[in-house]
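Listed here are the chains, written in short residue letters.
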Amino acid sequence: MNLSIGLTVNGERRDIVLDDPRVTLLDLLRERLELTGTKKGCDRGQCGACTILVDGKRINACLALAVSHDGADILTIEGVANGEHLHPVQAAFIAHDGFQCGFCTPGQIMSAIGLIAEGHAGDDSERIREGMSGNLCRCGAYAGITEAVQEAQKILGNTRTERAA
Amino acid sequence: MNRFDYVRATTAAEAVAAASAPGAAYLASGTNLLDLMKGGIVRPSRLVDVTRLPGLDRIEALADGSLRIGAMVGNADLAHDAEFAKAYPAIAEALLSGASAQLRNAATVSGNLLQRTRCGYFYDTASRCNKRAPGSGCDARGGDNRLHAILGWSEACIATHPSDFCVPLAAFDAVVEIEGRNGHREVALEALHRLPGDMPEQESALEPGDLIVAVRLPASARTFAAHSRYLKVRERNSYAFAVVSAAAGLVIDSGMIKQARVALGGVAAKPWRARAAEAQLEGSAAGPAAFSRAAQAALAEAKPSGDNAFKIELAQRLIVRALVSAAQGTSERIPALPASPFSSPAGALHV
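So the protein lines, in turn, are chains A and B.
Counting along the first sequence from 1, when you hit position 144 you're at 144 in the numbering used here, and nothing is skipped either side.
With positions in the second sequence counted from 1, the corresponding number in the numbering used here is that position plus 1000.
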């Protein structure tokens, strides 16, 4: 069975022929589009390492069939920086030491970008921890992660206000 | 994961026809189904994708005061719909207490209703499980069962239904709209899920091909908006299934309870409407005496199915806490930790 789908991945249109409907968005990105920044941790929706944005919303790429997402706009960790300039969330993770081994970091950053875009947590540390609970960090860098999201929220919140003004 | 044929339905009728075949299953976002397929717990030969069906992603206020929620509305979209959260705060809080933000973004209304139990023996294909393999036995019965059912269970199955969303839906008389091979029909949410009896593999009132197209909340559901609450005890304070949960809604007039709604989650194979508790509350003064009587009545028939006798008292205490919170009045904003009994007006406590 050949199934054709079209996706926009990090701003680039991709036409893809799937030879098997079992391919998840995660496996499509990693194994077929060579975008290995999105990590495979548990592959069962429990760890959040595979978090990507699909049509602007953060989801677990491991629990999404690619064939069901024909036409979707996908943003992965490879697509968030502006050339040499890191995304404010990336910069904040470095500034606040929001990782140790780094395996969960792409998922953490994509989840934080999604969280800030959702706009429900603000810079309230309790709401940020709750909003980030779908991303596990085995190194336990949670304190730095929370601070990084708080700082990025302030920067992105200000940027938005300036643009609106 | 087994091989399967993929069918993208464009109309409900086409979906019903395609899913009526033996071995077929509906695919919405797949957050539960793909997990089950990866574990070899379910092996559908055909997936019928219903995410593109027209008109199922709407939230509509109907002329009779009821609200119709399309089956493909996302869990997060529904919880964050400002009008919805204001009118049905306990339902919004229940939704936000379930799973993680990523899963809530993907998961749909009907998918939430039809999610399968998280009993570890159902998930472990090396274990005996009457639900997964009818007639094979139940390894949960003599196994690690401290989180299993205390109401409505049978010797064949002691699993619980894991949904948070369904608990206040049961309390507030939600109705499920279904398209099937014989046309359109409706089933009370309370009657959608079945108790195990000696056929735990028969989990719902749905027939082959039946497609949930909407969930409807009657006009009465919003009369509890000022006094309602959903509380959930978990083994960690976020991203965990309920050990026990409770939904409570009250209509209070001059300190007297005019109407009451109580339902429990995590205690049975279905969301558990506690009508005996409601009867104790209605006509009583809104206070500890009535709340305590209600909690006793709700668990009167409960019995442990294993190492879980503690859940009976826990459920009673949680009902009292939910009723106290509901009587005090619905808070303006959903707490930082939705449904957590460890939240306080001074702020949530991460434990």
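Incorrect hints may have been included.
As the list claims (entries may be wrong) - Chain A is faced by these chain B residues, among others (derived, beta-carbon under 8 Å):
1. 1001
2. 1004
3. 1035
4. 1041
5. 1043
6. 1045
7. 1105
Unchecked claim - Residues from chain A that face chain B, not an exhaustive set, calculated with beta carbons under 8 Å:
8. 21
9. 43
10. 44
11. 48
12. 94
13. 97
14. 131
15. 133
As the list claims (entries may be wrong) - The list that follows gives simulated cross-link-like pairs (lysine to aspartate or glutamate, DMTMM-like), each with its CA atoms no further than 25 Å apart:
16. 1086/B x 19/A
17. 57/A x 1077/B
18. 1038/B x 19/A
Hints are computed from structural coordinates only; laboratory data are not their basis.
Cβ coordinates follow ideal geometry from the N, Cα and C atoms, glycine included.
We went through each hint and held it up to the structure:
1. 1001: 5 Å, holds
2. 1004: 7 Å, holds
3. 1035: Hint on residue 1035/B: holds, closest Cβ of chain A at ~5 Å, below 8 Å.
4. 1041: 12 Å, violated
5. 1043: Status violated, d = 12 Å.
6. 1045: Residue 1045/B check fails; min Cβ-Cβ to chain A is 12 Å, beyond 8 Å.
7. 1105: Given a least distance of 4 Å, the restraint on residue 1105/B holds.
8. 21: Holds, because the Cβ-Cβ distance from residue 21/A to chain B comes to roughly 4 Å (cut-off 8 Å).
9. 43: The hint holds - residue 43/A has a Cβ within 8 Å of chain B, the shortest such distance being about 7 Å.
10. 44: 5 Å, holds
11. 48: Holds, because the Cβ-Cβ distance from residue 48/A to chain B comes to roughly 6 Å (cut-off 8 Å).
12. 94: 23 Å, violated
13. 97: Status violated, d = 20 Å.
14. 131: This interface hint holds because 6 Å falls under the 8 Å limit.
15. 133: 4 Å, holds
16. 1086/B x 19/A: 47 Å, violated
17. 57/A x 1077/B: 11 Å, holds
18. 1038/B x 19/A: 18 Å, holds
Figure legend: structure checked against the earlier numbered hints; hints not met, in rising order: 4, 5, 6, 12, 13, 16.
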